[in-house]
Amino acid sequence: MLFDGYRTDGFHDEMFTAEGTPRDGARLLVDTISSLSQQELMLRQASAERLLLHMGITFNVSGDSGGTERIFPFDLIPRIVPAEEWTRLEKGLKQRIVALNLFIDDVYHDQKILKNGVIPREVIDSAKSLRPQCIGLKPPHGVWCHVTGTDLVRGGDGQVYVLEDNLRVPSGVSYVLENRNVMKSTFPKLFEGMAVRSVDEYPSRLLEMLESLAPGNNHRPRVVVLTPGIYNSAYFEHSFLAQQMGVPLVEGRDLVVSGGNVSMRTTRGFERVDVIYRRIDDDFMDPKAFRPDSLLGVPGLLEVYKSGRVALANAPGNGVADDKVIYAYVPDMIKYYLEEDAIIPNVPTYLCWREADRQHVLGNLDKLVVKAANESGGYGMLVGPHASAAEREEFAGRITANPRNYIAQPTLSLSRVPTIVGGHAEGRHVDLRPYILYGKEIFVLPGGLTRVALRKGSLVVNSSQGGGSKDTWVLAGGKA
Amino acid sequence: MTRRPLLSRVADSVYWMGRYIERAENVARFVDVNLHLMLGGSGASIAEQWSPIIDTTGDSEEFERRYGEATRESVIEFLTFDPENPNSILSCLRAARENARTVRDTISSEMWEQSNKMYLAITDAGARDRAAHSAHDLFASIKLGSHLFQGITDSTMSHNEAWNFLRLGRMLERADKTSRMIDVKYFLLLPKVEDVGTSIDDVQWSAVLKSVSAFEMYRKRFGRIQPDRIAEFLLLDGEFARSVRHCLVESGVALHTITGTPLGGFTNPPEQHLGQLRAELNYASVGDIIAGGLHEFLDALQTKLNLIDESVHSTFFAMRPLSDAASA
Numbered sequence: 000m001l002f003d004g005y006r007t008d009g010f011h012d013e014m015f016t017a018e019g020t021p022r023d024g025a026r027l028l029v030d031t032i033s034s035l036s037q038q039e040l041m042l043r044q045a046s047a048e049r050l051l052l053h054m055g056i057t058f059n060v061s062g063d064s065g066g067t068e069r070i071f072p073f074d075l076i077p078r079i080v081p082a083e084e085w086t087r088l089e090k091g092l093k094q095r096i097v098a099l100n101l102f103i104d105d106v107y108h109d110q111k112i113l114k115n116g117v118i119p120r121e122v123i124d125s126a127k128s129l130r131p132q133c134i135g136l137k138p139p140h141g142v143w144c145h146v147t148g149t150d151l152v153r154g155g156d157g158q159v160y161v162l163e164d165n166l167r168v169p170s171g172v173s174y175v176l177e178n179r180n181v182m183k184s185t186f187p188k189l190f191e192g193m194a195v196r197s198v199d200e201y202p203s204r205l206l207e208m209l210e211s212l213a214p215g216n217n218h219r220p221r222v223v224v225l226t227p228g229i230y231n232s233a234y235f236e237h238s239f240l241a242q243q244m245g246v247p248l249v250e251g252r253d254l255v256v257s258g259g260n261v262s263m264r265t266t267r268g269f270e271r272v273d274v275i276y277r278r279i280d281d282d283f284m285d286p287k288a289f290r291p292d293s294l295l296g297v298p299g300l301l302e303v304y305k306s307g308r309v310a311l312a313n314a315p316g317n318g319v320a321d322d323k324v325i326y327a328y329v330p331d332m333i334k335y336y337l338e339e340d341a342i343i344p345n346v347p348t349y350l351c352w353r354e355a356d357r358q359h360v361l362g363n364l365d366k367l368v369v370k371a372a373n374e375s376g377g378y379g380m381l382v383g384p385h386a387s388a389a390e391r392e393e394f395a396g397r398i399t400a401n402p403r404n405y406i407a408q409p410t411l412s413l414s415r416v417p418t419i420v421g422g423h424a425e426g427r428h429v430d431l432r433p434y435i436l437y438g439k440e441i442f443v444l445p446g447g448l449t450r451v452a453l454r455k456g457s458l459v460v461n462s463s464q465g466g467g468s469k470d471t472w473v474l475a476g477g478k479a
Numbered sequence: 000m001t002r003r004p005l006l007s008r009v010a011d012s013v014y015w016m017g018r019y020i021e022r023a024e025n026v027a028r029f030v031d032v033n034l035h036l037m038l039g040g041s042g043a044s045i046a047e048q049w050s051p052i053i054d055t056t057g058d059s060e061e062f063e064r065r066y067g068e069a070t071r072e073s074v075i076e077f078l079t080f081d082p083e084n085p086n087s088i089l090s091c092l093r094a095a096r097e098n099a100r101t102v103r104d105t106i107s108s109e110m111w112e113q114s115n116k117m118y119l120a121i122t123d124a125g126a127r128d129r130a131a132h133s134a135h136d137l138f139a140s141i142k143l144g145s146h147l148f149q150g151i152t153d154s155t156m157s158h159n160e161a162w163n164f165l166r167l168g169r170m171l172e173r174a175d176k177t178s179r180m181i182d183v184k185y186f187l188l189l190p191k192v193e194d195v196g197t198s199i200d201d202v203q204w205s206a207v208l209k210s211v212s213a214f215e216m217y218r219k220r221f222g223r224i225q226p227d228r229i230a231e232f233l234l235l236d237g238e239f240a241r242s243v244r245h246c247l248v249e250s251g252v253a254l255h256t257i258t259g260t261p262l263g264g265f266t267n268p269p270e271q272h273l274g275q276l277r278a279e280l281n282y283a284s285v286g287d288i289i290a291g292g293l294h295e296f297l298d299a300l301q302t303k304l305n306l307i308d309e310s311v312h313s314t315f316f317a318m319r320p321l322s323d324a325a326s327a
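The listed protein sequences correspond, in order, to chains W and C. Here numbering that gives the first Met the number 0 is used: the first residue of the first sequence is 0, the next is one more, and so on. Here numbering that gives the first Met the number 0 is used: the first residue of the second sequence is 0, the next is one more, and so on.
If you are wondering where the hints come from, they were derived from the structure by calculation, not from laboratory data. In this text, a Cβ means the ideal position worked out from N, Cα and C, and glycines have one as well. A few of these clues could be false.
Cβ-Cβ distance ranges computed for the label pairs, FRET-style [claimed, not checked]:
{"hint": "1", "chain 1": "C", "residue 1": "SER108", "chain 2": "W", "residue 2": "GLN464", "range": "28 to 38 Å"}
{"hint": "2", "chain 1": "W", "residue 1": "THR20", "chain 2": "C", "residue 2": "LYS142", "range": "29 to 39 Å"}
{"hint": "3", "chain 1": "W", "residue 1": "PHE2", "chain 2": "C", "residue 2": "SER108", "range": "33 to 43 Å"}
{"hint": "4", "chain 1": "C", "residue 1": "ALA124", "chain 2": "W", "residue 2": "PRO187", "range": "26 to 36 Å"}
Let's have the full structure, built from the sequences with the hints guiding it.
Here it is as structure tokens:
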């Protein structure tokens with residue numbers, strides 16, 4: 000049996016209690032999986048992987064020009080989120096995105112939150128992701144973050160924390176949809192008797208949200224997805240979302256600004272575009288407004304956007320709230336704008352520009368995770384307990400030289416989910432990235448991307464470093 | 000309800016996807032039929048048997064420079080697996096797949112998966128082994144893969160503008176490959192014009208027909224194997240799916256559906272060039288063609304096909320300069 004001898008090893012396990020009994024809502028799944036032979040499981044696992052390869056859901060192995068492609072490893076055992084817990088998370092995510100959005104709008108307009116001293120002005124002024132080009136912008140519905148992929152983690156105490164907000168160009172939602180498809184076609188048996196909430200409506204919701212941003216009263220606005228191109232690691236997702244929404248996938252070279260509008264080059268000349276779901280960073284979007292050396296963008300795009308003749312999702316400049324120093328103030332923002340306490344807490348964060356915090360961080364580098372304020376994807380990071388003395392010393396130097404650029408957090412012992420390893424189940428650490436759409440209203444997709452660190456003991460879930468993914472089952476309310 | 004516009008870049012990719020998959024299929028056909036010819040025992044030496052296929056693809060110089068002698072192994076390697084030969088089956092399937100990848104939002108998922116599977120099959124570690132031990136199976140599976148792609152395309156993708164560009168690419172490519180096949184085989188088997196109509200090797204000519212799946216259809220149409228009839232069938236037959244004329248008629252339908260121009264006229268260069276060539280073949284007789292020199296005729300035909308391809312490119316795909324945008 001798959002779960003024979005399974006141990007939670009003192010970690011919080013998403014499927015089993017510390018005593019080894021299945022958690023509420025997980026019992027039926029545990030029973031179903033236990034009733035299967037090891038041979039059948041391995042067969043299903045192989046057929047799921049073959050399906051992913053044939054669907055071309057792969058990423059390019061970097062540094063390999065021979066075109067080696069790998070699938071993003073997929074584990075058959077789903078991660079379960081009980082209905083009550085999801086209700087709370089959904090509420091917390093909505094609360095957070097509303098506050099973040101109010102904050103971004105405030106930063107580019109009146110800056111009340113700075114005037115009232117809730118966030119120090121120098122923190123904002125020194126944020127690398129602040130875009131002065133966006134001051135005074137009024138995006139449709141006043142929304143700056145239309146698509147967000149918030150990273151959540153559960154610590155050893157069982158508490159769920161927000162690790163990162165990912166407001167700029169979050170990716171991964173295509174894996175959520177495809178993982179579900181793969182599960183349904185390779186392992187329908189697992190769904191028997193389980194009330195799993197559907198994720199299928201995401202593309203319709205996304206299109207609806209994007210269309211709602213269109214300027215004027217065009218009842219059938221032209222929406223496009225803007226991709227950096229096939230060499231981008233998220234290209235599969237860009238084409239997938241365009242296909243699922245039935246809208247054109249364009250590259251920068253397909254678009255042109257002329258006569259105050261954005262148009263695309265078609266076989267019959269130029270056709271106007273109303274809404275651009277751009278999957279290109281601010282910096283590369285428009286060489287006239289941002290980085291002049293960008294070849295991926297559309298010259299003059301920002302001017303058209305400012306004049307209100309094209310909509311962009313996400314709005315440029317929203318990355319200011321992705322700065323890891325500003326992240327630390329999100330609970331304060333929630334209090335300031337909404338007069339509420341944060342439903343999902345932040346991971347406790349030390350800000351190195353504060354004298355007392357910095358001394359604590361420098362004195363405890365062997366226990367903390369240090370992160371650069373504007374890096375992502377695991378770059379510019381020190382995992383203290385796993386680092387060498389020399390690495391820690393190097394980071395101490397960097398922190399002292401540029402304290403504004405560093406934050407530190409305790410090393411979390413992430414929760415685990417049983418994962419198939421060599422024919423039996425072993426606990427592996429996971430995170431969870433739910434997706435939030437914000438247009439006229441807010442929609443949180445019931446589910447999200449569960450990334451799993453496949454290496455034993457590893458806390459790194461990134462695909463480039465041995466990470467994989469799992470289907471995420473949010474259970475419907477009522478009986479579990 | 001407005002017509003969904005088609006990006007020039009996407010039209011270009013879809014057109015080439017059609018061409019590359021068709022090209023891969025035809026290369027597989029060339030190799031496969033030669034493998035069969037070897038079993039026929041016509042007495043010619045092996046080198047004589049293998050070098051003509053390289054001529055068919057038009058890459059003889061490249062081949063000689065890199066491989067030297069044309070043997071079964073070297074030709075199969077060059078035409079099937081060589082990543083540096085842009086017309087090898089592997090290169091064609093890779094290019095088709097890369098094009099498919101850039102238009103995944105336009106084509107159906109099933110089409111993408113089929114092009115992906117074809118590429119994965121040829122790059123699979125076992126493919127070379129199959130080429131050595133069960134070559135016929137390998138090439139048959141490539142042909143079948145192409146047919147499957149075509150069937151999937153026709154039954155899962157809307158027959159819209161993009162679909163017509165795909166069909167246009169496929170049909171122009173097929174016309175080109177059939178004409179090359181006739182050219183090379185005619186010269187191989189009948190080096191002199193005055194030999195036409197003399198006794199010939201039935202096995203050889205049957206092989207030519209089989210390489211374009213024409214044997215059975217030819218039999219139904221003309222019965223006895225005669226070189227001039229074969230040339231007529233492959234060039235001018237109105238019904239056979241791989242004849243040059245049929246391919247051009249199909250190309251014309253695709254092109255005119257894209258533009259909306261009635262079939263009898265033209266409003267742009269590709270319609271004009273294609274219309275002229277169609278008319279030429281519609282009213283040609285094989286006797287005149289052979290009298291004037293079949294090779295010269297086929298040479299001119301390929302030049303005209305290239306002209307059509309170039310004008311399709313400049314009319315629909317070329318990125319127009321910014322100043323045009325103002326008038327849109």
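These are the hints, each one checked on the structure:
Checked against the given bound of 28 to 38 Å, the beta carbons of SER108/C and GLN464/W, roughly 30 Å apart, stay inside it. Look at THR20/W against LYS142/C: about 58 Å separates their beta carbons, and that is not inside 29 to 39 Å. For PHE2/W and SER108/C, the hinted distance range of 33 to 43 Å is satisfied, since their beta carbons lie about 35 Å from each other. Distance hint for ALA124/C and PRO187/W: a CB-CB separation of about 32 Å, consistent with the stated range 26 to 36 Å.
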